[in-house]
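Q: With the hints as constraints, model all of the structure from the sequences given.
For what it's worth, the numbering used here labels the leading residue of the sequence shown as 71, then goes sequentially.
What the hints contain is simulated information worked out from the structure, not anything from laboratory work.
Worth double-checking, as some hints may not be accurate.
Restricting the straight-line Cα-Cα distance to at most 25 Å, the calculated cross-link-like pairs of lysine-lysine (PhoX-like) are [to be verified]:
#1 Lys-302 <-> Lys-343
#2 Lys-336 <-> Lys-288
#3 Lys-298 <-> Lys-343
Remember, predicted model here, so these are calculated numbers, not experimental data.
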Amino acid sequence: MYGDVAENPDAGLRVQSSKVDLSEAGFGAYVTYAGFTGSGTHSVFAFGDGRLGWMAVDEGPEKMELTEPLGATPLTGVPDIDGRSVLIGTDDGRLLTFAPETGTAELASIPGAWIEQVASHPRAGLRAFSAGRGVYVLDQNGTTLAVFDDHPSTVAGLSFSPDGDRLAAAHYDGVSIWAVNDPDLSKTEPETLEWHGSHTAVSWSPDGQFIVTAMQDKEMHCWKMPEKTDMKMSGYPSKIRSLAWTPDSAYIAASGAGGVTSWCCKGKGPSGKPPLEFGYVYEGIVTQVAAHPENGMLVGGYDDGTVMIGVIEKEEAAIARAADGNPITCLAFSPDGQSLVCGSENGTVGIINILEPLIEPLA
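A: Here it is as structure tokens:
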């Protein structure tokens with residue numbers, strides 16, 4: 071563990087806070103995606119048996135509507151650029167857009183590929199996905215603008231810059247940064263960030279000052295841009311599968327430890343600073359993290375099914391969902407921060423409405 075953890079009065083009892091309302095339902099298949107449309111009107115879910123589900127943001131999971139199976143497994147998703155849809159990648163090589171009002175449409179197909187990485191940038195009107203070593207960039211009409219296919223290994227993460235002008239792709243031995251605002255994308259050469267090892271996720275800070283990757287070796291790597299000064303953040307007992315930035319870029323949170331760890335990226339970055347941590351639940355390991363869209367609150371989902379919401383700089387947390395033994399696979403805040411959705415390995419979907427502040431954020 072990373073030093074002393076602030077006492078959590080609920081930890082021993084595993085009692086759900088009275089300041090949240092949790093409603094749940096089981097759907098019998100691994101939840102591969104849980105999130106919201108960009109407009110926040112609907113929550114959308116994807117399941118390992120090929121179904122997609124949706125409901126209005128003010129409805130509980132018992133009101134979920136479900137599609138017929140897609141004929142493939144939906145592997146991942148992100149809100150699409152129009153605010154009404156969600157981009158879905160599948161294990162049969164399709165990039166789909168799904169809207170509760172209109173259903174599913176195919177944007178691209180790479181037969182035989184697994185589409186595990188997708189990204190979108192609403193203001194720039196761009197979408198991106200990876201298939202093997204290739205990265206594909208599409209415009210708002212679904213037209214392929216560019217294919218960047220000379221990465222040294224399978225691309226394991228994608229992240230647009232805050233302005234949408236660049237796209238970071240994580241792979242073995244580092245990150246390739248592509249200028250996607252170039253009038254002739256076919257002649258674009260990438261800027262590279264190098265660090266030996268397998269980089270399995272990438273995230274660009276909201277202010278554009280930092281690029282952070284998760285690595286197979288149970289650590290993170292950070293570059294300060296544009297100088298490219300770099301540093302590593304290590305000591306995790308488990309593989310880091312999830313990263314989340316606070317909206318002010320002050321902290322990046324990560325899964326992979328016994329609590330939600332957050333590294334301070336103020337000033338020159340996290341070098342020489344230990345992470346702050348909240349939410350220690352004995353033997354549990356954090357599997358997913360998500361950041362509140364407006365303040366310093368974070369949520370962590372654990373491999374025992376616990377969901378905890380906390381404030382970074384106070385290092386305090388409250389239980390929003392008690393453990394049930396089923397790992398949390400997905401977490402997301404609504405765009406207004408008033409609710410969040412979670413999904414579990416056993417197919418349970420949860421809607422957590424925040425009735426009043428669990429912990430007052432620092433001013």
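Q: So if I understand the rule, the pair passes when the alpha-carbon distance is 25 Å or less; does Lys-302 with Lys-343 pass?
A: holds, 11 Å
Q: Is the hinted pair Lys-336 and Lys-288 satisfied, with a Cα-Cα distance of at most 25 Å?
A: holds, 23 Å
Q: Taking 25 Å as the top limit, are the C-alpha atoms of Lys-298 and Lys-343 close enough?
A: Cα-Cα ~19 Å, so holds.
In summary, the structure agrees with every hint in the numbered list given earlier.
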